Amino acid sequence: MNTSVDSAAGTTGTPAGTTVPHLLALGDDALIAAQRLGEWVSAAPELEEDVALANIALDQLGAARLLLTYAGELEGAGRDEDTLAYLRGDRDFRNCLLVELPNGDFAVTIAKLLFLAAYQLPLYTALRDCADERLAAIAGKACKEVAYHLDHARLWTVRLGDGTAESHRRMQAAVEEVWPYTHELFTPDPTAPVDPAGLRAEFLATVEPVLAAATLDRPADGWAPDGGRAGRHTEHLSYLLAEMQVVHRAHPGASW
Amino acid sequence: MSDRGGMTDGSTDRRGWPLWEVFVRPRRGLAHSHVGSLHAPDAELALRNARDVYTRRQEGVSIWVVPAAVITASSPDEKDAFFAPAADKVYRHPTFYQVPDGAAHL
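As they're listed, the protein sequences go chains F and G.
Everything in the first sequence is counted per this note's numbering, starting at 1 for the first residue and increasing by one.
Everything in the second sequence is counted per this note's numbering, starting at 257 for the first residue and increasing by one.
Treat the hints with care, since some could be wrong.
[Unchecked claim] Listed next, the in silico SDA-like pairs over lysine to any residue satisfying Cα-Cα at most 25 Å (straight line): (1) F:LYS141 / G:PRO332; (2) F:LYS141 / G:VAL317; (3) F:LYS144 / G:ARG304; (4) F:LYS141 / G:GLU315.
No lab work stands behind these hints: they were computed from the structure.
Model, not experiment: these values are computed from the prediction.
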């Protein structure tokens, strides 16, 4: 954690070393995860799971709104949460690749949620104690929500992995498909309020027992695609943004 | 978005999840009350589904889920035999007492 004090807080950083790109990384992760999870509404395997995934999406959206609002104010260029969400192009988004990947089947969605929550929980937990009080407050609220997301993903991972032959096959394939994208989450950033590099041990300590309980093989570490934090995304993000932004762009300034 | 929702598209032999009855205790000191039912594959997920469906607006501090199949219920056909005889036994009702001030939830 970087606790160096910047006496010129308000221009480029805060007492905790928070910068606009740091807040965008956190906020964009939450925003894009929310948009992807929202795609399940009316299409989940059962009505109850529909509600559960929508609840998780709304938790992420709530965190995204607080973080993007903060990013806009810190930037000081007059951009609010809507401007940041609806009027940036894909190259300006700082989210990790993991959250923009397509939902795939239900197993892929659960694998993505498991890995995201297992990363966000120690991240938000550490951010609760950072020197930036506003960011710490946002993290404190998000912590309890993400603990539930992790619980939900853990239960489903075990049930699918240790379920039928078909559900096991799909869950193993999903874990294999998504695993490479987890490496990007822990790219070192010593200037961040919490350096993500320090979170991987806890991530593994969370995820590996879940995979073991689910009778799933923990994939080997190898290919590690990245670039999301620098604005270099997969081809999937543009399509997601097109759907998310089309109404706002077609009717600028419209309100309900 | 043709690539999503694989589980809902191709599986024709998917059996429905069993039904669970949900009881929520609104706050400490009150009894759990039946609030509705839902579908879930097992008890753990039923509890979480109940949390999502029935306590989104802080309605409760405790949840019970019970498999609907284990509940033995009186039959509507037996309504008269079960309940009508109590109707004319006025002495069973504690209506001859004054309820003291401040005694809530009686």
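Going through the hints against the structure:
| no. | hint | in the structure |
| --- | --- | --- |
| 1 | F:LYS141 / G:PRO332 | 48 Å, violated |
| 2 | F:LYS141 / G:VAL317 | 19 Å, holds |
| 3 | F:LYS144 / G:ARG304 | 15 Å, holds |
| 4 | F:LYS141 / G:GLU315 | 19 Å, holds |
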